[in-house]
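Numbering follows my numbering, in which position 82 of the sequence shown is assigned residue number 82; successive positions increment by one, without gaps.
Please note that a few of the clues may not be correct.
No more than 27 Å apart at the CA atoms, straight line, and that leaves these computed lysine-lysine pairs for DSS-like [stated by the list, open to error]:
1. Lys-158 with Lys-190
2. Lys-282 with Lys-267
3. Lys-360 with Lys-308
4. Lys-293 with Lys-267
5. Lys-60 with Lys-201
6. Lys-360 with Lys-243
7. Lys-136 with Lys-60
8. Lys-158 with Lys-96
9. Lys-318 with Lys-282
10. Lys-136 with Lys-318
11. Lys-267 with Lys-201
12. Lys-201 with Lys-149
13. Lys-293 with Lys-243
14. Lys-136 with Lys-247
The set of hints was computed from the structure by calculation and includes no laboratory data.
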Amino acid sequence: MAKRRKEKDEEEEKPFKIPKFDEEAFYKREKRNIRATIISFLFGILMALVCFGFWALMGKNDLRWPLVLLVAIANAAFLRVIFMRLNIDLTDFGRKNWFGSYAIYFVTWMIVFIVLVNPPFYDDENPRIEVSILPKMQEFGGNVIIVAKITDNSGIKKADISFSLDDISIPSDNFEYIDNIFRYIHKGLKNLTEEETHNFKISVKDSSGRTAQYEDTFAYSNDTIYLALPEEGSTLKAASDIKFGVKTNVWRVYYTVNDGNEINASKQQDREDFYITSPEYKGWLIGNNITLKVTAVVAYNFENHFLKDKNNNLILDKNGMPIAYWFFNYINDTSSYVFDVADESSIGLNDELVQAPALKARAVSAPGFETILFLISIVGIVLIFKYKKKNRSKKK
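From just these sequences and the hints, can you work out the full model?
In structure tokens form, the structure reads like this:
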């Protein structure tokens, strides 16, 4: 026992010798690694140019992305051949070195390729036009607002847009184009005697010469809003149903009694073009002759279109979220409706008025190339941990 302790003490007393540092081998290895990194980087650029050529030749094709990605992955195998042709010493070029070279090649390829397939280098996408007509059918004398979100990879200017109404070109001074939003207001005539329909066309041409156009119609009718139930002039009780028909899609329908406060009508469940109310709601007058005036409201919001201040900064709500930009227009019924209201105590007592439907903004987060980078990073981390795990098992 004492002998073992003595041997152990002698071993501990032996001075620690620093291993001899082979400076020449170290510099040689680092120089090789730097050369491998540069070659991987340049090969990534070269393959991005090759894949860009394939991309342009294939034109619009759903298989473009998978095919060029497959080409990039398959050609990564040529790195070994290139290293050997350029006399790169691969005797101690381990998995870690190969992983680094492939990662540099692929990330370089992806970044350069993405830059090449987007403006100003390349643009094969036509301008995109999303249109809303507010409203699609209007009462005589009402205005129709045509709004469109016009976007393009290379950007669109007002001079790139042409607009025609009933095959007559409209000067650009008569419409506006701000922050990718086109807007034109058509003023209706009050002295119309019959229904009429108008057609319009929006045409766009971007800096690459690619074009897009949108054609549609809107109409004027004297019964866009009409009384469906009951007959005008009848006597209404608290439980009487009053039904208005609306011949176009709207967000909200409300009416006034003798020009009083606005009272919302509720949409009929089995008929989306009918809106119902009754004299039970607050605002109705007992035992009086009353006049109803009806108005419908149309609303539209483009995806990811938000309110901005004068400095083009987003306006945020109390929760720090951007506030949606809504376009509104009104359909005012040119007819008014006269009724007798019964002398019932339950008329006008219900103060739980129908609420207008909630406006739901269309905010969409589209996954971009940052998602691809994130996935590549995850794969890289997994491979690194796997490599370290293998090294530990070998040491054991």
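Inset, instruction - Could you work out which earlier hints the structure fails to respect and list their numbers in ascending sequence? - result: Going through the list in order, the structure violates hints 1, 7, 8, 9, 10, 11 and respects the others.
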